[in-house]
Each structure stands twice: as C-alpha cells, then as structure tokens.
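Trainee: Line order of the protein sequences matches chains A and B. Residues are numbered in my numbering as their position in the first sequence, beginning at 1, plus a constant of 15. Residues are numbered in my numbering as their position in the second sequence, beginning at 1, plus a constant of 800.
Derived from the structure by calculation, the hints contain no laboratory data. Among the hints, erroneous ones may be present.
Claimed, not checked - Which chain A residues stay away from chain B? Per the calculated CB distances, all over 12 Å, these: (1) Asn18; (2) Ile20; (3) Ser25; (4) Arg55; (5) Leu69; (6) Leu85; (7) Leu108; (8) Leu112; (9) Ile129; (10) Gly142; (11) Met147; (12) Glu172; (13) Ile173; (14) Phe197.
As the list claims (entries may be wrong) - Covered stretches of chain A (chain B as the covering partner; in silico rule of three or more C-beta atoms under 8 Å from a C-beta of chain B): (15) 87 to 95; (16) 148 to 159; (17) 174 to 187.
Glycine is no exception: its CB is placed at the ideal position from the N, C-alpha and C atoms.
Below, each chain spelled out in residue letters.
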Amino acid sequence: MDNLIWIFISAMLVNNFVLAYFLGLCPFLGVSGRLETSFRLGLATTFVLLITALCSWFLNAYVLIHAPYLRLISFIVVIASTVQFIEMAIKKLSPALFKALGIFLPLITTNCAILGLAIFATNRGYGFAEGMVFALGAGAGFTLAMVLMAGLREETEIIDMPVLVRGTAMNLIIAGILSMAFMGFAGLFSST
Amino acid sequence: MAINIKDPSAVQEMMKGLWRDNPVFVQVLGMCPMLAVTNSAINALAMGLATLFVLVGSSALVSAFKNLIPKQVRISLYIVIIATFVTVIDYTLLALFPAIHKELGAFIPLIVANCMILGRQEAFAAKHTVGFAVMDAIGMSAGFLIALFALGSVREILGNGSLFGIDLFGAGFEPWVIMILPPGGFITLGLILLFFNWVTERKTRFLEQVVAAEQAKG
C-alpha cells in the first residue's frame, strides 16, 4: 500500500508528466488559455490514461511476451482505437458530456503523455494495481499542471506586455518557472 | 520517380524547412522530444538523426502508396507506418549504440507521437510524388535537427561548461545546473523563440521601410 501511495505522489508531483518529462506539451501550450476547458481536458485525459493503462497491462501480460518487437505498434493502434471507441460510446450514452468534451477527445490520441505512460509502465515492470495508480497519478499531475498554467495565462492577459513577448515564448518561460517550483517536491523523496 | 536535383522547386521544398517553415521555431511542433533530450549536444544530435530517418522513410512510403490508402483510415495507417520505422530505429540504436539508446530511453519510442511527423504525412507526403516528399522530409527534419542542436548545445555549454563532452571553460567556471534540468529546457526554448520573433519582426519592419522608400521615390 505504501508503495502505491509513493507511485501516485511521484507521478503527480515529483515526476510530473508535463513539467519534468515534457509529455503532453501540445495541449499544455495549446489549450491552456481558459481555466474551465483546461480542467475538463485534464479530466478527459485522466480517463483515457486509465483505460490505456488497463489495455497496455493486458497486452503486456498476454500478447507481447510472445512478440516484444510489436510493442510500439500495438500500443499506438490500441490507443488510437480506444480513443475512437470512447468517443463513440460517450456520444451514444451521454450527449451532454460529449458536447462538453467535443473537440478535445480526438486531440487526446496525439498526446504523447498517453503513449509515454504505456511505455514507462512497461519499462518499470508495473503490475495491474501499480499501473492503474500510476495512470491516476499521471492524470492528476497533468490536470494540475494544466489548471495552474491556465490560471497564470488568464492573469497575464491583463498585464501590459510588449507584443513581441506574447504567445508561445512567454508561455514557455512561465512553464519553466512552474517546472522550477515543482522541482521543490523532489525533496519529498530525499530522505527515503 | 527520378527528380532533377537542379529543379528549383525541389530545392525550395527542402530549404523552406530550415528557416521559413522551421517545424520548431515557426510551427511549434514536436515539442516533447525537443525539450526532453536536449540536455546535451550529442543526445540532441542522435534524436535529430533518428527523427530524420523516421520522417524520410515514412514520407517515402506514404507518398508511394498514397493512391492505395483509403481516405477513412489514412491517419491510423500513417501511424502504423511511422511506428514501424520507429521500431526499426529503436532496435538499430540498441544494437549499435547502446549507450546513446540508454540515454534517450523512452523518448525514442515517443518519436511516434511527434506531431511534426504525422503532420508532414497529412499535409505534404499524401499529396506529392515520392521525390518531392523525400525532399520535403529532408528539409523539415534538417530544420528540426538544427533546432534540437541549437537548444542542446546552449544547454550543455551553460549547464555543464562543455560541448560534446569536451570541457570549454576550465575549472573556474561554475555550471548553471538549472540549464540541464527540465526548467532550463523550457526557459531556453522560450528565449530562443523570443529571439526568432525579434529577428522576424526586424525583417518585416525593414521590408516595410524599403517598400515605403520605393513608393516615396516613384
């Protein structure tokens, strides 16, 4: 149990997917303009991460022990079709939720955090429970980073700033400072 | 699919990736491998070359089969083609350069999720002949390589006081450790983009002045 808690905290704070591993930067820089949408995208991504963790565990346990070189190809195909499938299911079961997530769902396929999660979990040899907790932590960390970034960006819109600095350049520098702040969490592990 | 190398449009396709349509500085694509592996110049170079191989290979294959690929499933097919090339380069690096493979770790498989590669298939390779697609792929990945190398060498020089592992400043230099850690990546890329914006703006302003002067004369 202790182990699972550490995996969660590590994936969420210390080794935050966005700010320490640079995974999922496309939505992080692209969709983080509004607080509300960032939060929703974070939740949708967490959901897909959990499903991916489940699928990749299944693939690793039953299929890929026979053909390890197919790992990457099968992961990406599974992720792409899972997202497609979830999209259809949500559309059928809950049109309201589908409308709320709408454009963000297909975008999730090209989010490297999803593939990264499957690969990291495999490389570290996580079992079923560990993999699921890892996915939950990664999703929570992604949501946290998105919400923090969106909050900061909403503030910067009010500030009087040179036109040259606005846009991606400034967002990257803000992300750098956020990342520096998150490095402080590394102290959590220094004693263990 | 012979293509005359002196053909100006083919060379143009290649050159546009270097500066005008540079995938990183102008289109801001492929950020994830860009930042993660650029803590030293040699890693950046290896990542750039691996991306070059994957992009050229998959562009050639996609444009060769463009008439056979059904529209509805094209994206999935592109991804499978890209994943195949990435698997090839992954195992090749593991066999030939195990040290570099270990350094880059999970980021070699993550080339699959580099949106620049999928973007080139969709935007260019699927609509052009093999020759043009390969030229475009070479140009784009050269632009990507330059960007990676610029970021990687700046971070290694400041963060480690060395370039390609060779000490530059001697013992008196205090390395900026932050530069080789994740925040350094974000901040360096932000500053490089800022520089790029500045150069582009100076250029447009200069051109405007030239046009205004011409008009005043004529």
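Trainee: Indicate, hint by hint, whether the structure satisfies it.
Mentor: Now the hints, each set against the structure:
no. : hint       : verdict
1   : Asn18      : holds, 21 Å
2   : Ile20      : holds, 24 Å
3   : Ser25      : holds, 15 Å
4   : Arg55      : holds, 21 Å
5   : Leu69      : holds, 19 Å
6   : Leu85      : violated, 8 Å
7   : Leu108     : holds, 24 Å
8   : Leu112     : holds, 24 Å
9   : Ile129     : violated, 8 Å
10  : Gly142     : holds, 19 Å
11  : Met147     : holds, 19 Å
12  : Glu172     : holds, 18 Å
13  : Ile173     : holds, 20 Å
14  : Phe197     : violated, 8 Å
15  : 87 to 95   : holds (count 5)
16  : 148 to 159 : violated (count 0)
17  : 174 to 187 : holds (count 8)
Of the numbered hints given earlier, the model fails hints 6, 9, 14, 16; all others are met.
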